[in-house]
Amino acid sequence: MQTMLNVSRRRFLQSGAAAAGGLVLGFHLPAGGRLAGAAEGEAAINAWLRIAPDDTVTVTVAHSEMGQGVYTSLPMLVAEELEVDWTKVRAEFAPADQVYRNRLFGIQATGGSTSIRSSFDHLRQAGATAREMLRRAAAEGWGVPVEACRAQAGRVVHEASGRAAGYGALAGAAAKLEPPAEVPLKKPGDWSLIGTAAARLDVPAKVDGSAGFGIDVKLPGMLTATVLASPVFGGRLKSVDETPALAVKGVRAVVPLERAVAVVAEGYWPALKGLEALAPVWDEGPHAAMSDVTIRAELSAALKQDGAVAHNEGDATAALAGADRRLEAAYEVPYLAHATMEPMNATARVTDTGVEIWAPTQGQGPIQHAVAGLLGLAPEQVKVHTTFLGGGFGRRFETDFVVQAVLVSKAVGAPVKLVWSREEDMRQDFYRPAAMARLRAGLNAAGEPVAWHVRLAAPSIMSRALPDYVKDGIDPSSVEGAADSPYAIANQRIEYAMRHFGVPVGFWRSVGNSQNAFFVESFLDELAHAAGRDPFAFRRALLADKPRHRRVLETAAEAAGWGRTAPEGRFRGIALHESFGSIAAEVAEISVAKGRGIKLHRMTCAIDCGRTINPDTVVAQMESGIVYGLTAALFGRITIAAGRVQEGNFDSYPMLDLAQMPEVEVRIVESGAALGGVGEPGTPPAAPALTNALFAATGMRIRSLPLSRHGFSAV
Amino acid sequence: MAVNLKVNGTERRIEVGPETPLLWVLRDTLGLTGTKFGCGIAACGACTVHVDGAAIRSCVTPVEAVAGAEVTTIEGLSSDRGHPVQKAWIAEQVPQCGYCQSGMIMAAAALLSDTPRPSDAQIDEAMTNICRCGTYVRVRRAIHRAARA
Ligand code: FES
Ligand code: FES
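These protein sequences, in sequence, are chains P and A. Each residue of the first sequence is one higher than the one before, counting from 1 in our numbering. Each residue of the second sequence is one higher than the one before, counting from 1 in our numbering.
Hints listed in this document are in silico derivations from the structure and should not be mistaken for laboratory results. Accuracy of the hints is not assured; some may be wrong.
[Said to hold, decoys possible] List of simulated lysine-lysine pairs, DSS-like, C-alpha gap at most 30 Å:
id	chain 1	residue 1	chain 2	residue 2
1	A	Lys87	P	Lys218
2	P	Lys88	A	Lys87
3	P	Lys218	A	Lys6
4	P	Lys249	A	Lys6
[What the hints assert, rightly or not] Simulated DEER-style distance windows between Cβ atoms:
id	chain 1	residue 1	chain 2	residue 2	range
5	P	Pro256	A	Met1	27 to 33 Å
6	A	Arg12	P	Val715	42 to 48 Å
7	A	Arg141	P	Glu159	53 to 59 Å
8	P	Arg596	A	Gln122	24 to 30 Å
9	P	Ala488	A	Gly82	56 to 62 Å
Glycine is no exception: its CB is placed at the ideal position from the N, C-alpha and C atoms.
Start from the sequences, fold in the hints, and give me the full structure.
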């Protein structure tokens, strides 16, 4: 999705709006003129904030909170300019409305690590204009010049007369004023909240069970459904005898869908029992013979032909031919499931007059469009309430589970909460594509790389999700992290062979970077060893004209003690990767026991995300991204046989757990460069850092994941 | 069939199939949605509650098996987030998406009531809950913090 962002950004820059220094502010209130959840006596100053008589400020959060911290970091942007104590700030989710669109996507959606980047200017502006309105309201009330009134810690003060008023008392009058045009924003040096580890606003509700996730939604008269889609991808429901399900106590209805069957009951348990009692007959469709074997055969055949050229620099072919030493290796990664902790679910209430949806979603805009198309409504007629998300990682960008809930609610004429089992969640995902790569490189006599030729073969996500972004055979999300290498190698050629299979593919935390970082950073490590060079020094030498990258690499190496002897029996591996506008380097320190048990001792990470909004969030996201990457590297594998996914639950798709978890140390490099994302960039370097450490420890070069395939486990 | 149990200090009489897992009685019948569904096969710990003080995975515990027992859920751990584990969780800013956290907190609370000063090895052994957001380093820190409190 990085590329999606880049493309959007390019268009945006071309439009000239960015050059004017400010995004167009969505300052009108959403339809109805009131902010959702506004209580009596509260004054909405603009679409982004309202102030209560007790001085509490509620900030509207347009992005989805899936753990990455936007429920805190976005209000921080408003509060910084508003001049209000953090303890007075509350957050709430925005209703779906174009005012709340992601300014980099054009629709309301969360992904591509864009939340802060797409909100930075307009949210600060929202806070600043509100502050100016409060000052003016005070000044007019007191009959003093506005310049003599200062806003500070939730109050406006007129020092000459000693008068002061809290925002709560001023908000009513302020809301009636015309918002000022552009207000100058504070300089970074004047920030007092941005850059601090402000406490997360969602933590209290997440330690007492009161945080409302999608699965917790309850409506009057609501029924609960669960669903089984054709286990074979692309299959259709031929027929189903409903009787056995209807015999289960508590079951109200069986709803056949085109590709699935749903059972509706008084609760999840009877719905599940009802579903298990059914023996649906499927038309398995064209993919019933598909397997890992057929998919791998086609991908490896693709590597033998020229692909579409994603990047070309110099003449890689000639340079390879003329190199003193040539290296070649084939790499491979499997399909991966997202396995969000909260299984897919959504609640829909379809009535004669409209439709209302409650969902843990990253894609409010996409839901409005999908459901509007389904029911013949205008997108604005589809009301979407966003709940907390029990993980997203890209899976909740999709709308499939919401569409199901809408169809089932419509069929039974009641509000329906549709909840997937873990097995359904695992087997009906939009998977991180399986991918293969053939990498070739040439070294000169001094051991420096002079040629670099990468050929990638993988299914394309964008071809389905955002086809406009596919050009000349290149899906930018398939080559991101490979076609844009920071390393100075004079002759480079990156090719991509797009292949389609029946397995749905989608955005998985860090998208193409997740596999391409593994390919590139592993092979680079191979080159370093072939050249007899230290892997850190080898990389560093190739980053001579990339000071940010070099500093991140050095910071991680330094923090990890690179170059100093590791404790007895421990080995280190290093990897660097840029994604979503941020640069991350990680060092894995491991030991390997007899029987191939890997002990992960320590992960050291350095991150340059330009500027830090909340350092604790950045650290948490690096910890999180690292676990996500390590889990996939160690265990992650979705296996296809007879057109269906073999794994079903956490017993067959294991997760790293606390006992296996390494220590993590994160260093933030403040470069002051343009804002980068933090939700995803921690993931890509984790796998190659680990496998590079494994090479250091064992001399085994791991070229296919997961490590469990090679007999390794985590101890 | 009716099953009697005490949930967060209140006697409840529940009319459900006796094989219904406690998880769904808590969530769907009693509306105590703080306890989460993650896997349904005792593999993730999101559904962890206390039965007579011990941490159990409620997704595989038939309600009839806990008839007459005292069940404590996250909602009953404290009335004001004042349990030492909750306080430590706030201090360490543990939760990310938060979905696994009720189960994590209940597992940690049970560990600390049995083992007030757990070693890292004891924490490893007791805390087998899955956190897909990877909050493990903070979970460990928070348990040590709660143990010191
Ligand atoms: S839901 Fe009970 S252990 Fe996962
Ligand atoms: S905080 Fe998200 S699964 Fe643990």
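Here's how the hints hold up against the structure:
1. Taken as a hint, the A:Lys87 and P:Lys218 pair is honoured in the structure, with Cα atoms around 29 Å apart against an allowance of 30 Å.
2. At roughly 20 Å between alpha-carbon atoms, P:Lys88 and A:Lys87 fall within 30 Å of each other, so this suggested pair holds.
3. Only pairs whose Cα atoms come within 30 Å are accepted, and P:Lys218 paired with A:Lys6 is accepted, the gap being roughly 23 Å.
4. The suggested pairing of P:Lys249 with A:Lys6 holds, with an alpha-carbon distance near 25 Å, which does not exceed 30 Å.
5. One distance hint, 27 to 33 Å for the beta-carbon pair P:Pro256 and A:Met1, holds here, with the actual separation near 32 Å.
6. Taking 42 to 48 Å as the suggested C-beta distance range, the pair A:Arg12 and P:Val715 conforms, at roughly 43 Å.
7. For the hinted restraint 53 to 59 Å between A:Arg141 and P:Glu159, the CB-CB distance of approximately 45 Å leaves it violated.
8. For P:Arg596 paired with A:Gln122, a C-beta distance near 26 Å keeps the hint of 24 to 30 Å intact.
9. Distance hint check for P:Ala488 and A:Gly82: the Cβ-Cβ separation is about 57 Å, which falls inside the suggested range of 56 to 62 Å.
Consistency with the previously given hints fails for number 7 only.
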